[in-house]
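Visitor: Each chain is listed here by its residues.
2 protein chains.
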Amino acid sequence: MNHENKSGVDLKEIANLCKRRGFIFQSSEIYGGMGSVWDYGPLGVELKKNVKDQWWRRIVYDRTDVEGLDAAILMNPKTWIASGHVDSFADMLVDCKVCKKRFRVDKVEGDVCPECGGAFTAAKSFNLMFKTQVGSVEGESQDVYLRPETAQGIFVNFANVQTSSRKKPPFGIAQIGKSFRNEITTGNFIFRSREFEQMELEFFVKPGDDEKWYEYWLAERMSWYTDLGINKDHLRFREHAKDELAFYAKRCHDIEYLFPMGWSELEGIASRTDYDLKQHAGAAENGSSLRYFDSQTNESYVPYVIEPSGGVDRAVLAFLVDSYRSENVRDKERVYLSIDHRLAPIKVAVLPLLKNRPEIVEMAHKILKDIKVGGRVVYDDTASIGRLYRRQDEIGTPICVTVDVESLTDNKVTLRYRDSMEQDRVDISKIKEVLGEKLKV
Amino acid sequence: MNHENKSGVDLKEIANLCKRRGFIFQSSEIYGGMGSVWDYGPLGVELKKNVKDQWWRRIVYDRTDVEGLDAAILMNPKTWIASGHVDSFADMLVDCKVCKKRFRVDKVEGDVCPECGGAFTAAKSFNLMFKTQVGSVEGESQDVYLRPETAQGIFVNFANVQTSSRKKPPFGIAQIGKSFRNEITTGNFIFRSREFEQMELEFFVKPGDDEKWYEYWLAERMSWYTDLGINKDHLRFREHAKDELAFYAKRCHDIEYLFPMGWSELEGIASRTDYDLKQHAGAAENGSSLRYFDSQTNESYVPYVIEPSGGVDRAVLAFLVDSYRSENVRDKERVYLSIDHRLAPIKVAVLPLLKNRPEIVEMAHKILKDIKVGGRVVYDDTASIGRLYRRQDEIGTPICVTVDVESLTDNKVTLRYRDSMEQDRVDISKIKEVLGEKLKV
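Residue numbers (our numbering), protein chains in the order written: chain A, 746 to 1186; chain B, 746 to 1186.
Source of the hints: derived by calculation from the structure; they are not laboratory data.
Take these hints with a grain of salt, some might be off.
Pairs count within a copy or across copies, as identical chains cannot be separated in the list.
Calculated cross-link-like contacts (lysine to any residue; reagent style SDA-like; alpha-carbon spacing at most 20 angstroms) [stated by the list, open to error]: (1) K1023 with V831; (2) K951 with E1182; (3) K913 with R766; (4) K764 with T908; (5) K1183 with G1119; (6) K1114 with D888; (7) K923 with P893; (8) K912 with Y1124; (9) K876 with S886; (10) K757 with S1129.
Looking at chain A on its own, in the form it has when it is part of the complex (with noise of 0.2 angstroms):
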């Protein structure tokens, strides 16, 4: 059996595999789709909700230095001037003049449309947030514009947070949320879409620490991918190159990940210094300074910032690519996500090998419903046994439970391993003990 990732694994494959079984699904498909906007179906929904929450774990739950946060889409729009959005958050394009295709300057060479040949107009620039209006004033509305990071949302809430937590450097401001980006360039699935999540974190240090901290979460934040099972080899760290870099950062790295389309960035982590904070304590308009001071050593300073910036639907895709199995199993192809148990979609399947035998129907229900083991189980009765263990291998669930006719009088069931096939003969009474041991999240 291969249990390593096919490198090549076709990104249509999984795009196909996505939809069939209800992982992701083209936003609103029935009116021809919505450009590069995807919708999370019934298993989507659970592998990005586990994926949100093991972030959300390791970086809240089992640390005491960082704080969640949740700051809505909507934001003052001087935020944006503030942060420099407004004036640079933009693509540089040119139009061609004959089939009016519009193209990037950065990703065309030479004068001339790659289309049709005809010539470019002069290069303009194209602000990539969405803008709308708020407020039904005459003459009071206002632009705002839907954020194109949630990063903003933490500089701007730095002081609340602080105070309210009591908090000092070091310590982080984490949140997870949907941002958005008027792309030119999108596609590759679910790689760049218009509407998107971040994992953003901005972790507050001393001026001086910054560099011990930023090395620390280069690897801290590795760690979380390969914990969660993605194979070292397909994940690389790439420096930024001088001239790549923003003018107030320091460092950056990207973790990238070996995609189907080749190696891109999974995850940014920027060494962004006092900038942000100070941009934002030049404009705002109640006198805050977003310095911290410290009753202890008399010192005030704006804190410098390290922020590991990862997408949630890049994550989503490179575990699931990542996972994606196929193997000749009896000269059948049998396919399977070999995926880590706390983000898989369904935990546990429940299956009656008999559906028309109501004693054993009614003893999978049983077990279903004393099964907890916190998220997903089902019941599934609608094929043979052959073919619903490879349904559930296909969506990646771990362990399979089946009832036969000799479950009603041993009272044990069969557990069923999604990776090995394996299967072991359990008592009734053991089964929850066992699952809780095996899916322990």
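Guided by the hints, dock chain B onto chain A, whose structure is given.
Guide: Just chain B, lined up with the frame of chain A:
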């Protein structure tokens, strides 16, 4: 002690507590705020997450007939034409010709401004959906809306979910997510805001079974609130009169809560017939009929829908208001949140009696690390024990674990309970078990 909810809890007291302790902040406060948009701080994010998790658990995990979904905020705009929102999701507004203030026609009496006595303009329709533009290709950018409800994301995915999950009516699709409305009249803290979160279930049944399921969901949804601790005397049903109903709706009940500003809607439960699915089937561009074909009976029909639709933020507010207690303890006011442990933002606080005794601090940290209750656990040593207890009371932490000098010799700690203020002395080896039992999710 007064364990009853104070009638007439002041909304300002709740809002002050929320700001001071880090439940809820005004969005973009350093820039003067953002009209009727709110950010959830370190405690609020946990409370809100717990509310959502409890809903998901009851609606999805504890049942076999509901599938989850997480559809995008941006949808193909044809969705909102078919649903009727483009035409009729609007308020009729008038402007005062003198002071320029704007009012909802249904909220003012007579023809003169209640503020300045000026005359009104003619009424005009104002759509509540936020609009933005997607796409950057010249001539191809598209007006799209931020969804004003999550429900339509479910209807347009009906066929995808039904097919991939093999569910037969009666079955439901559940979704939690943000919605946006450019409300004219906002206010009452987080009760009515422009960006809010919904928990919606669309439950699809065979026509004719709808009345039975309608009654079922009325009772089921009411019991969710009371089961999580809301005083049943503070909840009531209000049935919509015939002239309040949408023309396609058979029935609708609100679950109302006795908020500080009076009885107000917490959740609506509507019997929507087959209106939504038929509207989308009539407009769909992929030939989807959104019918269900029952292969056993050879019947084909468009399912009827029962829709329990709750507001996450309103539920958060109701749980805060209903659990708020103020009592006199030794001539001092004690404020505490008598909130169900499943919702409490912090499950356990570990407190060292003396922070300058390294052995005590070390023991406290060891206990902190060992406690795994599936939620947030904190450590605090920044005040005297009496003040630390009051802090935890005020944010609703059900149990404090206190490590004192005696703990070092007898290996016992004090468990102190929020509501009763009673204390137990418990062997350290037993803490995990005792907390696990008392804080069972």
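Visitor: Under the constraints set out in the numbered hints, which ones does this structure not fulfil?
Guide: The structure conflicts with hints 2, 6 and 10, although it agrees with all the remaining ones.
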